[in-house]
Amino acid sequence: MSAVVSLLLGGARSGKSAFGENLVKISGLKPVYLATARGLDGEMVERIELHRARREASTGAKWETVEEPLALADALQNCAYSGHMVLVDCLTLWVSNLMEAGANVEREAANLVQSLDGLQAPVVFVANEVGLGIVPDNALAREFRDLAGLVNQKIAARADEVFFIAAGLPLIMKSKD
Amino acid sequence: MSAVVSLLLGGARSGKSAFGENLVKISGLKPVYLATARGLDGEMVERIELHRARREASTGAKWETVEEPLALADALQNCAYSGHMVLVDCLTLWVSNLMEAGANVEREAANLVQSLDGLQAPVVFVANEVGLGIVPDNALAREFRDLAGLVNQKIAARADEVFFIAAGLPLIMKSKD
Amino acid sequence: MSAVVSLLLGGARSGKSAFGENLVKISGLKPVYLATARGLDGEMVERIELHRARREASTGAKWETVEEPLALADALQNCAYSGHMVLVDCLTLWVSNLMEAGANVEREAANLVQSLDGLQAPVVFVANEVGLGIVPDNALAREFRDLAGLVNQKIAARADEVFFIAAGLPLIMKSKD
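Chains as they are written, first to last, in my numbering: chain Y, 195 to 371; chain S, 195 to 371; chain H, 195 to 371.
It is possible that part of the hints are untrue.
Chain copies aren't distinguished; within one or between two, either way the pair holds.
To be verified - Below, a list of computed lysine-lysine pairs in the DSS-like style, where the Cα atoms sit at most 27 Å apart:
| hint | residue 1 | residue 2 |
| --- | --- | --- |
| 1 | Lys219 | Lys368 |
| 2 | Lys224 | Lys256 |
| 3 | Lys256 | Lys368 |
| 4 | Lys368 | Lys224 |
| 5 | Lys256 | Lys348 |
Keep in mind that the hints were calculated from the coordinates and are not lab data.
Could you put the whole structure together from the sequences, leaning on the hints where they help?
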């Protein structure tokens, strides 16, 4: 039997990361934070630091942190030890990283889904829903929007539970009970 | 008694079309696809073909296809035969087409709603929710966003069931049961 | 005991204001409309007038109207008399106004939340969810999106009931029952 897979979908500043941190905290398992962000520019470095501080403060726990912008399935295999729980934050940045690297996003997503079978630790994926505004002007943004949506669908189909988060509150889209 | 009217709201790549195709498939009725898209540019032609292939493959059925970018109420009357079920994909492109043609969108939407009374076949409308990003810079995009939202409200008020779709999963907003 | 605080989250043209007006109408209390909009440009003046006409027509009531773009907590104290119910429309314009005025949005939001304790009248906040599109190009829009989301989270955490509105229909995110 595989460990439980959860997906948290939401917009920017929807409170989805904090909701995920709390899911990990209340599990009582050892918390692992798998970040897909790369601290390349100032705005992102600042955001990563804020996340880290908030995570430690709000959960009162010491998180093991792993950073992997591209090889997510491998990184997950390497940190999903028994007795742990992994928060992957976030899938949508991963899609963006893969696009920049010229990778085949759909194939990578299929690999990721397959890698979830047999994991020893529960995993919570955080993902942005980015398709609810007007159609972006430029083709690259449209492609990103399409791929992010497709990856969300693939993970949602595999997940045991899915929540849509807005203003810090969850709507249950799929329940493991 | 009129046939059941359903509305599927969702973002880009939310899986709303596939969800609608499945609703039609499980009905056991003869499937009709009423497309509002016009295959004018390369990106759109490709997307229409992908939709068609996916539809045939996933439902294992031969769909009758009708294309009507503007006169949606008439087209619906002409294909909603008894024993059939119609998937209208999508309302939001129809709004865009009407705007381009200089039509009065609110009046056309009122006509469409009125035309639903007495239809012989159940209808599933697919629509984009486009108002959940930041305010667009240009006035035309703001007008489009306003009109798309108003049309969604009108159809939702008339519909027997409404789902909000994200990552392929439904949230029930209005239920016919 | 404090009066009930409600929050209505939704996109542009989601029907959230009309939903809020109806909540006030069915309460039987005297309706107060607390507008945060400033009628500076033509588009906004027109929108404010449309809102006013729709409000009076659909609720069949005479609303007391208060306009306050910045000092929302004070304005709320001054109009939340016993026997009344206040519709604040909307929080997201207030965030925008505060940013333009160079105010500390997070501090103002904390003040607003604190001011809700001991109010004599129920309050319904209308707010835009603006974080579900792709990341905006310009930094100011990203900051606005972040602050609007944070304010929504703060009010949602304090509110007794929260609804997500799309196409005029509510999804219950938090319930007072």
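Among the hints numbered above, which are violated by the structure, and what are their numbers in rising order?
Of the numbered hints, just 3 does not hold.
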